[in-house]
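> Here the protein sequences come in this chain order: A and B.
Here the numbering used here is used: the first residue of the first sequence is 1, the next is one more, and so on.
Here the numbering used here is used: the first residue of the second sequence is 1, the next is one more, and so on.
You may find that some hints are simply not true.
Listed next, the stretches of chain A that the computed footprint assigns to chain B, with coverage defined by at least 3 CB atoms under 8 Å from CB atoms of chain B [unchecked claim]:
#, segment
1, 95 to 104
2, 193 to 206
3, 309 to 316
In case anyone wonders, no lab produced these hints; they're calculated from the structure.
The model shown is predicted, which means the values in this text are computed figures rather than measured ones.
From the three backbone atoms N, C-alpha and C, an ideal C-beta is built for every residue, glycine too.
Protein chains: 2
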Amino acid sequence: MVEDSYAVAGIGNAIVDVLAHADDARLAALGLDKGVMTLIDAIDAEALYAKMGPGQECSGGSAANTIAGIAALGGRAAFIGKVGDDVLGQVFRHDLSALGVHFPTIPAKAGRATARCLVFVTPDGHRTMQTYLGACIDLAPEDVDEEAIARARVTYLEGYLWDPPRAKEAFRKAARIAHEAGRQVALSLSDPFCVERHRAEFLDLVAQHVDILFANEVEIASLFETDFDSAARAVKELCSTAVLTRSALGSVVVSGEQTVFQAAFPVERVVDTTGAGDLYAAGFLHGLTQGFDLGRSAALGSLCASEIIGHVGARPIADLASLAANAGLLSV
Amino acid sequence: MVEDSYAVAGIGNAIVDVLAHADDARLAALGLDKGVMTLIDAIDAEALYAKMGPGQECSGGSAANTIAGIAALGGRAAFIGKVGDDVLGQVFRHDLSALGVHFPTIPAKAGRATARCLVFVTPDGHRTMQTYLGACIDLAPEDVDEEAIARARVTYLEGYLWDPPRAKEAFRKAARIAHEAGRQVALSLSDPFCVERHRAEFLDLVAQHVDILFANEVEIASLFETDFDSAARAVKELCSTAVLTRSALGSVVVSGEQTVFQAAFPVERVVDTTGAGDLYAAGFLHGLTQGFDLGRSAALGSLCASEIIGHVGARPIADLASLAANAGLLSV
Numbered sequence: 001m002v003e004d005s006y007a008v009a010g011i012g013n014a015i016v017d018v019l020a021h022a023d024d025a026r027l028a029a030l031g032l033d034k035g036v037m038t039l040i041d042a043i044d045a046e047a048l049y050a051k052m053g054p055g056q057e058c059s060g061g062s063a064a065n066t067i068a069g070i071a072a073l074g075g076r077a078a079f080i081g082k083v084g085d086d087v088l089g090q091v092f093r094h095d096l097s098a099l100g101v102h103f104p105t106i107p108a109k110a111g112r113a114t115a116r117c118l119v120f121v122t123p124d125g126h127r128t129m130q131t132y133l134g135a136c137i138d139l140a141p142e143d144v145d146e147e148a149i150a151r152a153r154v155t156y157l158e159g160y161l162w163d164p165p166r167a168k169e170a171f172r173k174a175a176r177i178a179h180e181a182g183r184q185v186a187l188s189l190s191d192p193f194c195v196e197r198h199r200a201e202f203l204d205l206v207a208q209h210v211d212i213l214f215a216n217e218v219e220i221a222s223l224f225e226t227d228f229d230s231a232a233r234a235v236k237e238l239c240s241t242a243v244l245t246r247s248a249l250g251s252v253v254v255s256g257e258q259t260v261f262q263a264a265f266p267v268e269r270v271v272d273t274t275g276a277g278d279l280y281a282a283g284f285l286h287g288l289t290q291g292f293d294l295g296r297s298a299a300l301g302s303l304c305a306s307e308i309i310g311h312v313g314a315r316p317i318a319d320l321a322s323l324a325a326n327a328g329l330l331s332v
Numbered sequence: 001m002v003e004d005s006y007a008v009a010g011i012g013n014a015i016v017d018v019l020a021h022a023d024d025a026r027l028a029a030l031g032l033d034k035g036v037m038t039l040i041d042a043i044d045a046e047a048l049y050a051k052m053g054p055g056q057e058c059s060g061g062s063a064a065n066t067i068a069g070i071a072a073l074g075g076r077a078a079f080i081g082k083v084g085d086d087v088l089g090q091v092f093r094h095d096l097s098a099l100g101v102h103f104p105t106i107p108a109k110a111g112r113a114t115a116r117c118l119v120f121v122t123p124d125g126h127r128t129m130q131t132y133l134g135a136c137i138d139l140a141p142e143d144v145d146e147e148a149i150a151r152a153r154v155t156y157l158e159g160y161l162w163d164p165p166r167a168k169e170a171f172r173k174a175a176r177i178a179h180e181a182g183r184q185v186a187l188s189l190s191d192p193f194c195v196e197r198h199r200a201e202f203l204d205l206v207a208q209h210v211d212i213l214f215a216n217e218v219e220i221a222s223l224f225e226t227d228f229d230s231a232a233r234a235v236k237e238l239c240s241t242a243v244l245t246r247s248a249l250g251s252v253v254v255s256g257e258q259t260v261f262q263a264a265f266p267v268e269r270v271v272d273t274t275g276a277g278d279l280y281a282a283g284f285l286h287g288l289t290q291g292f293d294l295g296r297s298a299a300l301g302s303l304c305a306s307e308i309i310g311h312v313g314a315r316p317i318a319d320l321a322s323l324a325a326n327a328g329l330l331s332v
């Protein structure tokens, strides 16, 4: 095995979030399904943006949020994802580069704009997302940086990659490279509707290629079309480690004969849950690649999730490494 | 006098803020003067952005923040300012339009990008700003929408307009139109260094054209090159109403024989003071144009300032109108 260059390499949609506040009545008036991620085209995105309240822009993207979190914790990380050749693409690149993340993917050439996710945050802190994939459509196997993948202890992939047409090929290529190099592959199921769209392929994928699976309780139940407890048992047969998050109920890590329960970290006020799962994955993967046991990794995941839901946006604001050191989960 | 169309029309630099967290050591390493606004060119902006941490983008601009606040309180408002023909220009326009603000200015044509302000927020909540004016340079007298100005009860101008070359002509034109229509003109001194740069012109301007002056304690002291108390006495001779803000010490409104003291509203935690003065002006002007007395107007200003310093960014997140109604300052 070649020497490690990265703790984690992520592959995902490169998205800038536009976050605005809205109440439930407003969501209903706009015809939006609360709590889920829906794909929309450029025209609908334009029309919906015109009806949206004043926003804040913040780099996002599920796997990219995880990678940003790992870098903020002090881990070496790389990211592969497709931005457009425009200002928002520069913003997305800056926000990863500023954390020291290696981001080798060249921007899309053919005029497609950087992806935007219109995020409506309700007073209960829940988020409803409408995504225009833009330049993400162009992500293809040739964008997979073979060296970065071969040299990363874990390659982390988001389920959302099943939505753009050629990204799944990139995904499979990356999984193959990772395994050939003796590395691990992790997958996040991303969203219950994403699971609905791609259930058969996801089941096959998890069985064939995934070592560490991340899912929330709705996603894992949807994958197996059953309740949470049955799904938690079923997933054991499919992959070696499953990390299942349950919002305020905490999380469960299932790995062979081991089952670890982790309580959620207390949060003063849930402002915006955008990125909660992504940052949980960041803490967990950082722990794992530092050689921590499952319990300490889960605690670090839980801590990172608690930071992100206390403010608007899916990228950490607080100094995650100090936060973790103060909680006794990382050494300074 | 023609019928009112707007409570307030604002003229200012149209800027998108890029907010990032930094500690004092980082500011020093970057050679930045804490707490002030410095103008930088495109090349320096590029270089500084590359060294800046991950950011959040949020529409800004001093007068524009005030106008957004007035609209959020339920006031009819218009804004004049120059964006570039680019994505950030669209973002800036969206964030005002979404509040119902009339924004008639056409974007700059000649390739200049929408202005950006790189804002470094320190753990004490103070902000240090580096502004690249970009398309704001192109604001000229022909951009002044005569009808909007003539039909606004108050025309509100930011002192920062003295920095781009032709904006001061636009400023003077707007003041003339407003006064010919029997309206009032308000000015914010913007920044102590802005006062340093333009002191003689500002003194003349305030004496000749300004009915309502907004300044913080450092700015007003700098204008008269004396201490706060002496400056507060001196400003009485110069214009009919002066609104002087003193951060946690509250504010003082001096108007002819009347002097009103207003305490600052308590804030749980000062996260980011960006926009505090702008939102104070929003509350005060909304009160004044609703026919409130100086005390209630000052209280509304103070309340709006307290909302903005509790979160990152200079545009309100909370529903200002409800907040003011709950505080008994606005009727529902």
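> Look at each hint and say if it fits the structure.
Hints versus structure:
no.	hint	in the structure
1	95 to 104	holds (count 5)
2	193 to 206	violated (count 0)
3	309 to 316	holds (count 4)
Hint violations for this structure: number 2 only, all remaining hints satisfied.
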